[in-house]
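Enquirer: Kindly produce the complete structure, drawing on both the sequences and the hints.
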Amino acid sequence: MPSYLLPVESPKIPAQSGQERDVQPVVGPMPFAGLRLVHAALRRDLARLPNALRLLQPDDLAGAEALQRHWDFLTAMLTCHHEQQDTRLWPLLRRFAPELRLLLNWLESDHHNLDHSFTRVTTLVRIATRDPASSWPVAYAVEELAARLETHLRIEERQLLPRMTGIFPAGSRIGTLPELLDLLRAADGPAPSDALVWLLEGVDDRQVDRLIADCDDATARQWPHWRDTYARCTDLLWGSQL
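Residue numbers (full-length UniProt numbering): 1 to 242.
Calculated directly from the structure, the hints in this document are not laboratory data.
Idealized CB from N, CA, C, for every residue including glycine.
Wrong hints could be hidden among the right ones.
Taking CB as the label site, the calculated pair distances span [as the list claims (entries may be wrong)]: (1) 133 to 204: 33 to 43 Å; (2) 87 to 47: 26 to 36 Å; (3) 62 to 91: 22 to 32 Å; (4) 96 to 133: 51 to 61 Å; (5) 163 to 206: 21 to 31 Å; (6) 185 to 153: 21 to 31 Å; (7) 166 to 83: 23 to 33 Å; (8) 204 to 91: 26 to 36 Å; (9) 122 to 185: 21 to 31 Å; (10) 122 to 43: 30 to 40 Å; (11) 62 to 97: 26 to 36 Å; (12) 43 to 235: 16 to 26 Å; (13) 221 to 58: 22 to 32 Å; (14) 191 to 133: 29 to 39 Å.
Expert: As structure tokens, then:
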């Protein structure tokens, strides 16, 4: 079996006292956290982007630029997510779970359809950020796209993720947050720092601590700075929506 499918042992930290030895983690692990967090972040932003478009004012150049920049980031993350699945995850599943091939073929084909839909809406968002008078129909187009994507995400979550639990052993890096960050570092796409804070926005603080602890030391050290910088940038974008 390839090495990247083998479980990775967690580091063992000696307990400092008998009382601490009995302390249990406040939250459990999140299986395939990288995939689940991307899904949650896409849903979150596609739910609030239409309202941000409708509230855009003609003289709000900074807000328009922030909105366009965030949309471009969102579509880049979606593209990386699809590429990760089509080139890395789906081939592994076809090998170790050949009974899933028809489903995987459909998902891969739907990725291409979704990418075309996002490209079309990207053109509309660009128009709306330059001419806010056209923002209302563009907001409806984003809502329709969100509904279209939701169907795809539910199929992955209900038909695929449960099967993956029985295919990849506990401790595998497949679909994890550290694996996603490593793939982003190797790709010509969004910076891992931007991706991490985007993925963890709105996640329970205890779960965030657990997820950050799974990352490398450099990421854990820089996380507070990345989080604070992201918050300052998104305040301009979302305003009172948060």
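Enquirer: It remains to establish, for every hint, whether it holds in the given structure.
Expert: Each hint tested on the structure:
1. Separated by about 40 Å at the C-beta atoms, residue 133 and residue 204 satisfy the suggested range of 33 to 43 Å.
2. Between residue 87 and residue 47 the beta carbon distance is about 29 Å. The supplied range of 26 to 36 Å therefore holds.
3. Remark: the range hint 22 to 32 Å for residue 62 to residue 91 is contradicted by a beta-carbon distance near 44 Å.
4. Residue 96 and residue 133 have their C-beta atoms about 53 Å apart, which keeps the hinted 51 to 61 Å range intact.
5. For the pair residue 163 and residue 206, the supplied restraint of 21 to 31 Å holds, since their beta-carbon distance comes to about 28 Å.
6. Look at residue 185 against residue 153: about 25 Å separates their beta carbons, and that is inside 21 to 31 Å.
7. Residue 166 and residue 83 have their C-beta atoms about 25 Å apart, which keeps the hinted 23 to 33 Å range intact.
8. Between residue 204 and residue 91 the CB atoms are about 34 Å apart, so this pair conforms to the stated range of 26 to 36 Å.
9. Separated by about 25 Å at the C-beta atoms, residue 122 and residue 185 satisfy the suggested range of 21 to 31 Å.
10. Between residue 122 and residue 43 the Cβ separation comes to about 18 Å, which falls outside the hinted range of 30 to 40 Å.
11. Separated by about 49 Å at the C-beta atoms, residue 62 and residue 97 break the suggested range of 26 to 36 Å.
12. Here the CB-CB span from residue 43 to residue 235 is close to 21 Å, well matched to the stated 16 to 26 Å.
13. About 43 Å separates the C-beta atoms of residue 221 and residue 58, a value inconsistent with the hinted range of 22 to 32 Å.
14. At about 34 Å, the CB distance of residue 191 to residue 133 agrees with the hint of 29 to 39 Å.
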